[in-house]
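From first to last, the protein sequence lines are chains A and B.
Each number in the working numbering comes from the position in the first sequence (counting from 1) with 108 added on.
Each number in the working numbering comes from the position in the second sequence (counting from 1) with 1 added on.
For the record, the hints were derived by calculation from the structure and aren't laboratory data.
Since this is a predicted model, take the numbers as computed values, not measurements.
Treat each hint with caution, since some may be false.
[What the hints assert, rightly or not] Derived SDA-like pairs: lysine to any residue, alpha-carbon spacing no greater than 25 angstroms straight-line: (1) A:K126 with B:E58; (2) B:K56 with A:K140; (3) A:K318 with A:D335; (4) A:K318 with B:E30; (5) A:K140 with B:L63; (6) A:K131 with B:T72; (7) A:K126 with B:G69; (8) A:K126 with B:E31; (9) A:K126 with B:E81; (10) A:K135 with B:L63; (11) A:K126 with B:N68; (12) A:K131 with B:V16; (13) B:K56 with A:V116; (14) A:K126 with B:L63; (15) A:K126 with B:D67; (16) A:K131 with B:D71; (17) A:K131 with B:D4; (18) A:K126 with B:Q61.
[Said to hold, decoys possible] Interface residues of chain B toward chain A, partial, derived using beta-carbon atoms under 8 angstroms: (19) K26; (20) G45; (21) E46; (22) V48; (23) E58; (24) V80.
By construction, the Cβ of each residue, glycine as well, lies at the ideal position given by its N, Cα and C atoms.
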Amino acid sequence: MSFTNEQVERYSRHIILKEVGAKGQKKLLNAKVLIIGAGGLGAPVAMYLAAAGVGTIGIADADEVDLSNLQRQVIHTTADLGKAKVKSAKETMQAINPDVKVNTYRKFITSENIMDIIKDYDFIIDGTDNFPAKFLINDACVMAGKPFCHAGIIRFKGQLMTYVPGEGPCYRCVFKDPPPKDAVPTCKQAGVIGAMAGVIGSLQAMEAIKYIIGKGDLLTGRLLTYDALTMTFRTVKLPKNHECPVCGDHPTITKLIDYEQAECDMHI
Amino acid sequence: MADYKIDDTIDITDVVCPVTFVKAKVALEELDDGQILAVRMNNGEPVQNVPRSIKEEGHQILKLNDNGDDTFTLIVRKVEDE
């Protein structure tokens with residue numbers, strides 16, 4: 109595959125980089141990334157990956173665009189209110205870059221459908237806002253041998269880490285089980301600064317790009333935390349847990365689990 | 002006469018910075034280690050910057066020929082890194 113003149117110009121700032129070059133840009137154009145959640149985190153991930161020329165982007169979400177989403181979900185506009193989030197997200201991505209093929213999944217992921225959805229992708233982005241989905245994505249990615257980037261945001265804080273099969277811990281090594289219902293508020297109950305989704309989602313996009321081009325160090329075995337009020341980034345080293353029930357030496361979780369979600373937390 | 006055989010030629014006189022260098026870089030990436038690329042470029046900014054950028058990427062500049070029509074042709078040998 110060789111570049112068209114338009115592609116050379118569109119991706120010139122990538123191709124100039126020694127770490128990317130024509131080779132890296134071709135890797136991006138051939139890559140397939142799945143974004144679960146077309147909300148606050150998913151928005152910057154989808155927009156930056158589309159702009160970067162990631163050739164195939166899948167996006168999964170069952171919801172419609174709501175007025176209260178627009179404070180942080182910058183992929184949707186006021187004109188998109190009531191529209192399926194995946195449709196709105198697809199339109200924005202294709203408006204940014206028509207090179208990108210977008211697959212939409214207008215559904216919540218469950219133990220029944222997740223394996224089938226993730227199987228065609230090289231890298232998965234967890235852009236969900238609830239623990240049942242986060243554990244489900246983790247367990248499915250471990251079982252399917254897929255790398256993924258976890259992230260969570262609340263109030264003025266955010267965190268992320270990346271799982272790559274065979275390298276470092278999975279999400280469950282670090283957070284063994286979902287917290288009890290209502291022990292941790294969702295961003296709906298607690299609030300979140302919109303720009304937090306931009307910061308952390310952009311870092312997830314960066315992890316996906318580094319994974320695809322094969323350069324730099326990923327957040328494997330490290331959890332990055334960001335506190336906007338004190339303006340501090342920290343990385344905490346995390347070991348793999350050999351007793352982990354899903355990725356450990358003797359896994360006890362061999363089937364996907366749909367944890368229950370409190371009624372009021374159901375919306376992304 | 003030249004002691005090299007040109008494997009590919011590109012013309013970047015119709016584009017401006019940074020697409021000049023980007024086109025040369027893309028063409029070089031498509032060659033094998035040791036192959037030779039000829040790059041025709043305009044006098045002025047391209048001649049000042051493109052050879053330097055190519056050199057910074059680790060490739061070997063063999064020659065810069067003045068074509069006499071306010072363009073230059075840069076002869077580069079590809080050096081594969083890694």
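Quick one, are K56 (chain B) and K140 (chain A) close enough, alpha carbons at most 25 angstroms?
violated (34 angstroms)
For the pair supplied as a hint, K140 (chain A) and L63 (chain B), confirm whether the alpha-carbon distance does not exceed 25 angstroms.
Judged against 25 angstroms, a Cα distance of about 40 angstroms means the pair is violated.
Does E31 (chain B) sit within 25 angstroms of K126 (chain A), going by the straight-line distance between their CA atoms?
holds (15 angstroms)
Regarding the pair K126 (chain A) and G69 (chain B), is the alpha-carbon distance no greater than 25 angstroms?
Since the Cα atoms of K126 (chain A) and G69 (chain B) sit roughly 33 angstroms apart, the hinted pair is violated (cutoff 25 angstroms).
With 8 angstroms as the cut and Cβ atoms as the points, is V48 (chain B) at the interface with chain A?
Since the shortest Cβ distance to chain A is 18 angstroms, the answer is violated.
Holds or violated: K126 (chain A) to Q61 (chain B), with C-alpha atoms at most 25 angstroms apart:
holds (16 angstroms)
Grab the minimum C-beta distance from K26 (chain B) to chain A and call the hint holds if it beats 8 angstroms, violated otherwise.
K26 (chain B) check passes; min Cβ-Cβ to chain A is 6 angstroms, inside 8 angstroms.
What's the verdict on K126 (chain A) and E81 (chain B), does the C-alpha distance respect the 25 angstroms limit or exceed it?
holds (12 angstroms)
Agreement of hint V80 (chain B) with chain A interface, Cβ distance less than 8 angstroms
This interface hint is violated because 13 angstroms lies over the 8 angstroms limit.
What's the verdict on K131 (chain A) and D71 (chain B), does the C-alpha distance respect the 25 angstroms limit or exceed it?
The hint is violated at about 32 angstroms.
Against chain A, is G45 (chain B) within 8 angstroms by beta-carbon distance?
violated (20 angstroms)
Quick one, are K56 (chain B) and V116 (chain A) close enough, alpha carbons at most 25 angstroms?
Holds: K56 (chain B) and V116 (chain A) sit about 20 angstroms apart, inside 25 angstroms.
When the structure is compared with the earlier hints, violations turn up for hints 2, 5, 6, 7, 10, 11, 15, 16, 17, 20, 21, 22, 24 and for no others.
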